[in-house]
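A.B. asks: So the sequences go chain by chain: A and B.
Letter 67 of the first sequence, counting from 1, is numbered 70 in our numbering, and no numbers are missing.
Letter 17 of the second sequence, counting from 1, is numbered 19 in our numbering, and no numbers are missing.
Hint data in this document are derived by calculation from the structure and do not stem from the laboratory.
Mixed in with the good hints, there may be bad ones.
To be verified - Reference listing, derived: stretches of chain B covered by chain A, where coverage requires no fewer than 3 residues with Cβ under 8 Å from a Cβ of chain A: (1) 63 to 69; (2) 253 to 261; (3) 350 to 359.
Unchecked claim - Straight-line alpha carbon distances no greater than 16 Å define the calculated EDC-like cross-link-like pairs of lysine to aspartate or glutamate that follow: (4) B:K53 with A:E149; (5) A:K174 with B:D5; (6) A:K71 with B:E60; (7) A:K69 with B:E57; (8) A:K186 with B:E44; (9) A:K56 with B:D73; (10) A:K95 with A:D150; (11) A:K71 with B:E57; (12) B:K199 with B:D216; (13) A:K179 with B:D5; (14) A:K82 with A:D171; (15) A:K174 with B:D13; (16) B:K53 with A:D127; (17) A:K31 with B:E62; (18) A:K185 with B:D5; (19) A:K56 with B:E57; (20) A:K95 with A:E125; (21) A:K56 with B:E62; (22) A:K31 with B:D73; (23) A:K31 with B:E60; (24) A:K179 with B:E60; (25) A:K185 with A:E149; (26) B:K53 with A:D150; (27) B:K63 with A:E27; (28) B:K14 with A:D171.
Keep in mind the model is a prediction, meaning the values are calculated, not measured.
By construction, the Cβ of each residue, glycine as well, lies at the ideal position given by its N, Cα and C atoms.
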Amino acid sequence: MSKESNSGIPTDSEVILGILNNSESVLKRLYVAYFPMVLQLVINNNGSGDDAKDIYQEAIIILYNKVKTGDFELSSKLKTYIYSVCRRLWLKRLSQIHRYGGDIKDFEEYLSVDDETEKNNERDIQFNKMGDALKLLGEPCKTIIEDFYINNRSMQEICESFGYTNADNAKTQKYKCLQRLKKLFFQQK
Amino acid sequence: MSDNQLLEVIDKYLNGEMTKEERARFEILRNENAEINAKVAEHKHFTGLIKQYGERLELEKRLNAIHSEIDVQALEEELMIHPSWIVQLWRNHHSKISVAASIAIFAALCTLFFTGYLNNRETNYVKLSREVDKIQKTLNSRGTNLNPHPKIDNPGNFRGTGFAISSNGYIVTDNHVIKDADSVYVQSIDGKSYKAKVVYSEPQTDIAVLLITDPTFKSLGAIPYSLKKTESDMGENVFTIGYPGDNMVLGPGFLTAGTGYKGDTTAYQVSIPVNPGNSGGPLLDNKGDLIGVIDAKQTRMEGAGFAVKSTYLLKTIQDIPADSLKKPLTINYKNGLASLNRVQQIKKMQNYVFIVKVYNQ
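All chains, please: the whole structure from these sequences, using the hints.
C.D. replies: Here it is, written out as structure tokens:
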């Protein structure tokens, strides 16, 4: 298979360092290196290319977060880890859509990774709630919140780009927006 | 300090925009005021969530950008496990194949049905003898050492029915009943067994004539039924009595054809539900005339039986060489049953119908 001949597979420690340093090129090499493996798993087990993409990105995000939070211990090859996580996620997805026939065609070794996918699931729920709350918040609140808390822009910049006459108005606006966002967020089930 | 202002201070504090002094002052405030402390923690958590959410979106965007550079289509082509062509053929066309197969099976069944293939092609002609113990017979024929303790009260390897045709002990049965016999016994309705020997047998018509040779045997008395010299007609009400099991059983019915199995002119077909063991029994008409000897049965046609015509029985008896007859064989043509009803007929004739037991070691 081509994945073996694909030059530029990053070594496992390269990947970890790359993620910690936010290296775009390492992320890309990592992504390109192992995607075929996951694609093979999914499309040969009742899935499509898009399913493979979802599953694979979820696994990369799990890996990414674990490395970032510093609790990632590489106890096996990174390839095996990614495969195991994808396999676990795909099995879960299959049983959710009632297409799981009881066995799965495997292409690699794998380990048990149950609790990691569980943890990620909880975080996903929180993020989905946040996304929905931001959508409901509407403009200009959404942009103000995003600019301030996500993009780390100063109140001065925000004030200028929104044409507020003084920074205090902007601050009051931001405060109201944040209160509403909290309300929307915690209202969701 | 209003909430608005407090939050601004907290934002500043969390973003590290405070001067050293401000920071120190705020930390003292935080330590002293639990409410403010809780607010700081809560705000930190919530804004952290917003930040992480933003990072997640960013990461997903990056991943999607990378993904869009991969030619998924080509990879899929390459990585899909292609099953063999026959499996693919089945997957792509299984509905059509199924329909075609069902039509083919249906058509074949219809053809078979309308051509009569399913009805009677393989009807088997079986002799009515009961094979009591086939395995034992095989063992016995190979030598007694395989069975060192043969049972004394051996019920006989074959059994059939027979009936007397003369008062001095001549009995008629089917040839296939006594074929290959070493010894033959006949048992009357009162349970008495008599040794008999085969006087004559005719495989062609499947008739055999036995003579009771047992010293304990005395005369049977006048035979109540007469032997009919002409052929009977279709539709005639007929009956047989015989020993399909250990007890005598009446088999009533009609004469349903003037010929036997596959147009055999020496036999009748009757609608009597004959069982194995009926072979050799007498076939009588309403008047008590003996019109045949029950012979065999088509297994696939329930309720159909066959009987050798009395005319052929007569012919067979006449063919017996004179020196085979130890005692004179006088055939009874006088009918003592004609005026009686069925119950009385049977009562009168039941003493003249026997179980034929055959032993061959």
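A.B. asks: Can you confirm whether the C-alpha distance between K71 (chain A) and E57 (chain B) stays at or below 16 Å?
C.D. replies: holds (12 Å)
A.B. asks: Taken at face value, is the distance from the CA of E27 (chain A) to the CA of K63 (chain B) at most 16 Å?
C.D. replies: At roughly 12 Å apart (the allowed maximum being 16 Å), E27 (chain A) and K63 (chain B) satisfy the hint.
A.B. asks: Holds or violated: are the alpha carbons of K95 (chain A) and D150 (chain A) at most 16 Å from each other?
C.D. replies: violated (36 Å)
A.B. asks: Does the alpha-carbon distance linking K174 (chain A) and D13 (chain B) stay inside the 16 Å limit?
C.D. replies: holds (11 Å)
A.B. asks: CA of K186 (chain A) to CA of E44 (chain B), is that 16 Å or under?
C.D. replies: With Cα atoms ~14 Å apart, K186 (chain A) and E44 (chain B) stay inside 16 Å; holds.
A.B. asks: Please verify whether K179 (chain A) and E60 (chain B) have alpha carbons no more than 16 Å apart.
C.D. replies: Given that 16 Å is the threshold and the Cα spacing comes to 26 Å, the pair is violated.
A.B. asks: Please work out if K179 (chain A) and D5 (chain B) have their alpha carbons no farther apart than 16 Å.
C.D. replies: It holds: about 10 Å lies between the C-alpha atoms, which stays within 16 Å.
A.B. asks: With a cut-off of 16 Å on the C-alpha distance, tell me whether K56 (chain A) and D73 (chain B) pass.
C.D. replies: holds (12 Å)
A.B. asks: Are the Cα atoms of K69 (chain A) and E57 (chain B) separated by 16 Å or less?
C.D. replies: With a Cα-Cα distance of about 14 Å, the restraint between K69 (chain A) and E57 (chain B) holds, given a limit of 16 Å.
A.B. asks: Next pair to validate is K53 (chain B) with E149 (chain A); report whether the Cα-Cα distance is within 16 Å.
C.D. replies: The hint holds at about 8 Å.
A.B. asks: Just to be careful, I want the Cα atoms of K82 (chain A) and D171 (chain A) compared with a cutoff of 16 Å; is the pair within it?
C.D. replies: violated (52 Å)
A.B. asks: Run the distance test for K31 (chain A) versus D73 (chain B): straight-line Cα separation, threshold 16 Å.
C.D. replies: holds (14 Å)
Checked against the numbered hints listed earlier, the structure breaks hints 2, 3, 10, 14, 19, 24; every other hint is satisfied.
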